[in-house]
Amino acid sequence: MSLRRWPAFVPIAIFLVLVGFFAYRLVMIDHGDAPNLIPSVMINKPVPNFTLPSLFDGKPQVVSEEIKGKVTLIDVFASWCVPCRIEHPYLDEIKKAGIVLVGINYKDRPEDARRWLVQLGNPYDAIGTDRDGRVGIDFGVYGVPESYLIDKQGVIRYKQIGPLTREDIEKVILPLATELSK
Amino acid sequence: MIPEIGHYALILALFVALTQATFPMIRAARGNRAWMDMAGTASVAQFVLVTTAFGALMWCYVTSDFSVLNVAQNSHTNKPLIYKIAGVWSNHERSMLLWIFILGLYGLAMSLFGGNLPPSLRARALSVQAMISVGFILFILLTSNPFLRLDPVPTNGAGLNPLLQDPGLAFHPPFLYLGYVGFSMAFSFAIAALIEGRVDAAWARWVRPWTLVAWGFLTFGIAMGSWWAYYTLGWGGWWYWDPVENASFMPWLAGTALLHSSLVVERRDTLKAWTILLTIVAFSFSLLGTFLVRSGVLTSVHSFASDPSRGIFILGLLVAAIGGSMVLFAIRAPSLKGGGLFAVASRESSLLLNNVLMSVAAGSVLLGTLYPLFADVLKLGKVSVGPPFFNSVFVPLMVPVVIVMAIGPLLSWKRGDLKGALRRLKPAAIAAAVTAIITWSMSGGIGAGAALGLATWLFVGTMGELAHRLFPMRMTAVDFLRRVITIPRSFYGMTLAHLGVALVIIGITGSTAWKTEKVQVMHFGDTVKVASYDLTLKGVEEGVKGPNYVAARATFLVTKNGTFVAELHPERRMYDMPPRPTTNAAIHTNVIGDIYAVIGDPDESGGYVTRLYYNPLVPWIFIGAGIIALGGLVSLTDRRYRIGVPLRKVAMQPPQS
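Sequence lines, in order, name chains Z and E.
Under our numbering, residues 1 to 182 are what the first sequence spells out, in order.
Under our numbering, residues 1 to 657 are what the second sequence spells out, in order.
It is worth saying that the hints were derived from the structure and are not from the lab.
Keep in mind the model is a prediction, meaning the values are calculated, not measured.
Where a beta carbon is used, it is the ideal one built from N, C-alpha and C, also for glycine.
Heads up, some of the hints might be wrong.
Now the in silico label distances, taken between C-beta atoms and shown as ranges [to be verified]:
1) Z:R5 / E:A202: 25 to 33 Å
2) E:S412 / Z:V17: 35 to 43 Å
3) E:L138 / Z:W6: 29 to 37 Å
4) E:P80 / Z:K59: 34 to 42 Å
5) Z:G20 / E:G539: 22 to 30 Å
6) Z:V17 / E:G420: 43 to 51 Å
7) E:T63 / Z:T178: 37 to 45 Å
The calculated lysine-lysine pairs, modelled on BS3-like cross-linking and capped at a C-alpha distance of 25 Å, are [stated by the list, open to error]:
8) E:K560 / E:K529
9) Z:K59 / E:K518
10) Z:K70 / Z:K152
11) E:K518 / Z:K107
12) E:K529 / E:K515
13) E:K379 / Z:K107
14) Z:K59 / Z:K45
15) Z:K59 / Z:K70
16) Z:K59 / Z:K182
Now the stretches of chain E that chain Z is said to cover, found in silico as 3 or more residues with beta-carbon under 8 Å [claimed, not checked]:
17) 45 to 57
18) 315 to 321
19) 328 to 334
20) 548 to 555
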């Protein structure tokens, strides 16, 4: 084979590299460890202390102490985050099941977030704004959206990175919440 | 019974496709005519069978047969009939059936219109087409069978996502698929030509019309999708660089490059290997889009319910189709000798430059789309690549594209007169400079000035060339009419497409640079000034009943300097099945710009949150895109592509003086 022939193999080489990435990613998904589930060091640890101003003027601050006593789902979201749109309609189901739903608006402009909620509806019981992402660091926020299920004692029992789907809610969140509220 | 007929037809179609994929290919090598002709018959049979399957599922939807799992999951008795019929794209299984239905349609077209093709090329191309069918029918039957029954039968279905219940969306996906799948034609011809080892001007002449068809549909499909996003999603934007939008944009870029490079093969018998590669790449991007949307490797607002097992199957299909064709390319391409040489200043060079820039653009979109995946796999953290990346990479690439777009058509083949061309473009350059300076001084936006200057350059340059061709120095009215007729339709097509691009640039510039957005709480009687318009909230009527939703319907009075302009009725709808809110923006357009109103939730004081926009020039984006697609259509009617019957007639008639 002459040296001249190698450029013709460039396309297939690039393609095979891509296939490698795709295959690896699919295998990761198949093993259930990616992209949504990354074991969190925060599991079974108490909720970090935080005090966040409310997204809405005139509403009380959102304080970590106050979420104790009831099973709570803390949902980290932002208006700039596309997957948050996917998750959004399903949050109503969580509220319907009697779980307190607290939103943390992460690295977002409050006016953008309010507009976003106007458009899609506001299922949250309370929303704190974490403009600079400081509280996000304490929680170990990795990618938005993220959700943390907290038991009555204020301990994080479950964490999900990425959007909650109906399946996640029905198969994981709701059963776990029922167990925790006993 | 009906679903079983559909299922059975699909299985039969698989076997017909298997036959069509193998025998003609093997026999073509031995020049066996009867076996080669069988490919044509098989493609007709395949089309009939696939249509039967497609129709059977549609029947199940129309009659709301909830014993079929797919219908129960995605339909509802209350769903308007139009969406029962048009919802072919609404879920993964049904849209795959649409995919192979369109593939069957193209296969049928190839066998019907391919009468004047060399028999062996036709047989091989039909064979390749059937191989694609085999892959996708297998995919449907093994992983995504839409005909599965459900027991016990539910009393009603789960309904269709209301965002998708929109007339604009009834047409967007079919056009998109006609575009995606259309590239399979050029692909099949490319593979057949690689097997035969012969790529020449005649080959390019067969391939180009099919590329034009696919590209035209894709252009139209993308524009429709963008328009749908603009008026239903209610955020006033029309393009988000979302992975799925990119998945449709990459084949478009590759297809655009292919259109231009196939011209070089046709006229000058050179750039062959490159053109073949582009046909493979264009179709590969189409397949890649299918994979990305359905496998769950990327997160997007558009994704279908994803399933890794499907992902693995499609990845296998990709490896077979793309990998196989690229290996074949690597083996055969070096033997494809280019013909004509050309100078730096020539039509060929300008088309080549277009190709390079389009490819780089497609590559950068691919990189941006897949970067989150690369980063995740390589443990670089979770990132999301957004509009800033795409805008900062894509926009600069398009600047030279637009500059050359006006110059290229003025250069002759082989060796062009660059100085002469630039002299003829002097009016365009002056107009561009004037526009840029006026825009800059009036709005203070240097980017907007440059963009509008570019658009003017392209528009005036293209119009100038049209005028140059139509009105030479001295001529009579008869001369003019003769010229109007004798100028090839492909020239008119190109002119339209290029003018369309100029309009799109103007629209994009206007909507990015001078958009006005006002968000506020309004009470009845309140007036907000948006750009030069006054919008007054007259009232909100709650509980307006639709076929399957309840809406809050607002009334805005739009006036300008006290005179009535329009009444707008944006709605906030709550659908009943599945219960989901949607916003329906109300838009009043006067072609120069859109007044765009969205109504939100009421607050405690009895006011309503409203979002009001003035989007200048946005209609130009969609009008421009429509003109681009129309350009493709006009080009398609060019004499030299009316292949088949006319060519044969000419051959049978004695030469005329």
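Right, here's what the structure says about each hint:
Range check, R5 (chain Z) to A202 (chain E): about 27 Å between beta-carbon atoms, so the 25 to 33 Å window is met. For S412 (chain E) and V17 (chain Z), the hinted distance range of 35 to 43 Å is satisfied, since their beta carbons lie about 41 Å from each other. Distance hint check for L138 (chain E) and W6 (chain Z): the Cβ-Cβ separation is about 35 Å, which falls inside the suggested range of 29 to 37 Å. For P80 (chain E) and K59 (chain Z), the Cβ-Cβ distance of about 41 Å falls inside the hinted range of 34 to 42 Å, so the restraint holds.
Against the hinted window of 22 to 30 Å, the Cβ-Cβ separation of G20 (chain Z) and G539 (chain E) comes to about 60 Å, which falls outside the hint. Checked against the given bound of 43 to 51 Å, the beta carbons of V17 (chain Z) and G420 (chain E), roughly 46 Å apart, stay inside it. Between T63 (chain E) and T178 (chain Z) the CB atoms are about 40 Å apart, so this pair conforms to the stated range of 37 to 45 Å. Of the supplied pair hints, the one linking K560 (chain E) and K529 (chain E) holds, its CA atoms being roughly 9 Å apart against a limit of 25 Å.
Annotation: proposed proximity of K59 (chain Z) to K518 (chain E) holds, straight-line Cα distance about 24 Å (limit 25 Å). About 5 Å separates the Cα atoms of K70 (chain Z) and K152 (chain Z), which keeps this hinted pair within 25 Å; it holds. With a C-alpha separation of about 22 Å, the suggested pairing of K518 (chain E) with K107 (chain Z) holds against the 25 Å cut-off. The straight-line distance between the Cα atoms of K529 (chain E) and K515 (chain E) is roughly 14 Å, inside the 25 Å bound, and the hint therefore holds.
Distance restraint check for K379 (chain E) and K107 (chain Z): the Cα-Cα separation of roughly 23 Å lies within the 25 Å cut-off, and the hinted pair is therefore satisfied. A hinted pair counts as satisfied when its Cα atoms are at most 25 Å apart, and K59 (chain Z) with K45 (chain Z) does not qualify at roughly 29 Å. Restraint check for K59 (chain Z) and K70 (chain Z): the C-alpha separation of about 20 Å stays at or below 25 Å, so the hint holds. For the proposed pair K59 (chain Z) and K182 (chain Z), the alpha carbon gap of about 31 Å is over 25 Å, so the pair is violated.
Closer than 8 Å: that is the beta-carbon criterion, and the stretch 45 to 57 of chain E has 0 residues meeting it against chain Z, so the requirement of 3 is violated. Counting residues of the stretch 315 to 321 of chain E whose beta carbon lies closer than 8 Å to any beta carbon of chain Z gives 3, which meets the minimum of three for the stated coverage. Restraint check on the stretch 328 to 334 of chain E versus chain Z: 5 residues with Cβ-Cβ distances below 8 Å, three needed, restraint holds. With a threshold of 8 Å between beta carbons, the proposed coverage of the stretch 548 to 555 of chain E by chain Z is violated, since 0 of its residues qualify and at least three are required.
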